[in-house]
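Chains as they are written, first to last, in the numbering used here: chain A, 1 to 113; chain B, 1001 to 1115.
Don't read these hints as lab results, they were simulated from the structure.
Bear in mind that the values here come from a model prediction, so they are computed numbers and not experimental data.
Even for Gly, the Cβ is constructed at its ideal location relative to N, Cα and C.
Heads up, some of the hints might be wrong.
[As the list claims (entries may be wrong)] Negatives, chain B to chain A, calculated, CB over 10 angstroms: (1) E1068; (2) Y1074; (3) K1078; (4) I1079; (5) P1081.
[As the list claims (entries may be wrong)] Part of the chain B face toward chain A, derived, beta carbon under 7 angstroms: (6) S1009; (7) F1061; (8) D1063; (9) F1065; (10) S1087; (11) L1104.
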Amino acid sequence: GDSVIQMQGQVTLSENDFLFINCTYSTTGYPTLFWYVQYSGEGPQLLLQVTTANNKGSSRGFEATYDKGTTSFHLQKTSVQEIDSAVYYCAMRAWTGGYKVVFGSGTRLLVSP
Amino acid sequence: GPKVLQIPSHQIIDMGQMVTLNCDPVSNHLYFYWYKQILGQQMEFLVNFYNGKVMEKSKLFKDQFSVERPDGSYFTLKIQPTALEDSAVYFCASSYDRGGNERLFFGHGTKLSVL
């Protein structure tokens, strides 16, 4: 079945560090890929999405490229800030008999000042 | 921006009792979803709902679970009877369409504690 894999449970950085969060996906369909961000006490909210293979999505300084060859959608940011501390979920939506959104296990980002 | 409201934010209930979680989706949205998140774990899909019917459900959507949206009011998740393993945060989401590039809008979640 469809799946999204995030291997990093937690990433700890200092302000202005470079952020890289791994995400790989598996599906037999044609996915749209998403990054959602969840701040403490809130529901997830969309950070960025990419529908077309080999395209890049960006928002608020975050970027992710839909790499069909490596089935990856890694999230990057050149210089993180303390306010970026949150849980980041990679997610996928693909037509394989349904349109549910499948989430990865999430990566908690802690940024210290 | 568009908001999904969930009521209540926290519900404490004794095992075996019935509970109804309420969701007020974005006003012009047509597709509705429930996700379950056990503390510190990932978001797990439960069910999606359109035009008065369940479209898809996962193995987590047990026989004790049901959903409905009577007459365009709240979209509800009912658990009857509740079990200890139902303790989790339940997130409601909605989308206008179900197309592949349609984003979901989530509520803040209802924390369900089954004692």
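Results for each hint:
Non-interface status of E1068 of chain B relative to chain A is upheld: no Cβ of that chain comes within 10 angstroms, the nearest being about 19 angstroms off. Y1074 of chain B, annotated as away from the interface, keeps every beta carbon of chain A farther than 10 angstroms; the closest lies near 16 angstroms. Remark: the non-interface label on K1078 of chain B is consistent with the geometry, its nearest Cβ contact in chain A lying 20 angstroms away (cut-off 10 angstroms). In this structure I1079 of chain B is separated from chain A by more than 10 angstroms, as the shortest Cβ-Cβ distance comes to about 19 angstroms.
With a minimum CB-CB distance of about 26 angstroms to chain A, P1081 of chain B clears the 10 angstroms threshold, and the non-interface call stands. Violation of the interface hint for S1009 of chain B is found here, the shortest Cβ-Cβ separation to chain A being roughly 9 angstroms, above the 7 angstroms cut-off. Hint on F1061 of chain B is violated. Least Cβ distance to chain A is approximately 11 angstroms, over the 7 angstroms limit. This hint is violated: D1063 of chain B has a C-beta 19 angstroms from the nearest C-beta of chain A, more than the 7 angstroms allowed.
With a least beta-carbon distance of about 15 angstroms to chain A, the hint placing F1065 of chain B at the interface is violated under the 7 angstroms criterion. For the restraint placing S1087 of chain B at the interface with chain A, the shortest Cβ-Cβ distance is roughly 17 angstroms, beyond the 7 angstroms limit, so the hint is violated. Interface restraint check for L1104 of chain B: the shortest CB-CB distance to chain A comes to about 6 angstroms, inside 7 angstroms, so the restraint holds.
Checked against the numbered hints above, the structure breaks hints 6, 7, 8, 9 and 10 and satisfies the rest.
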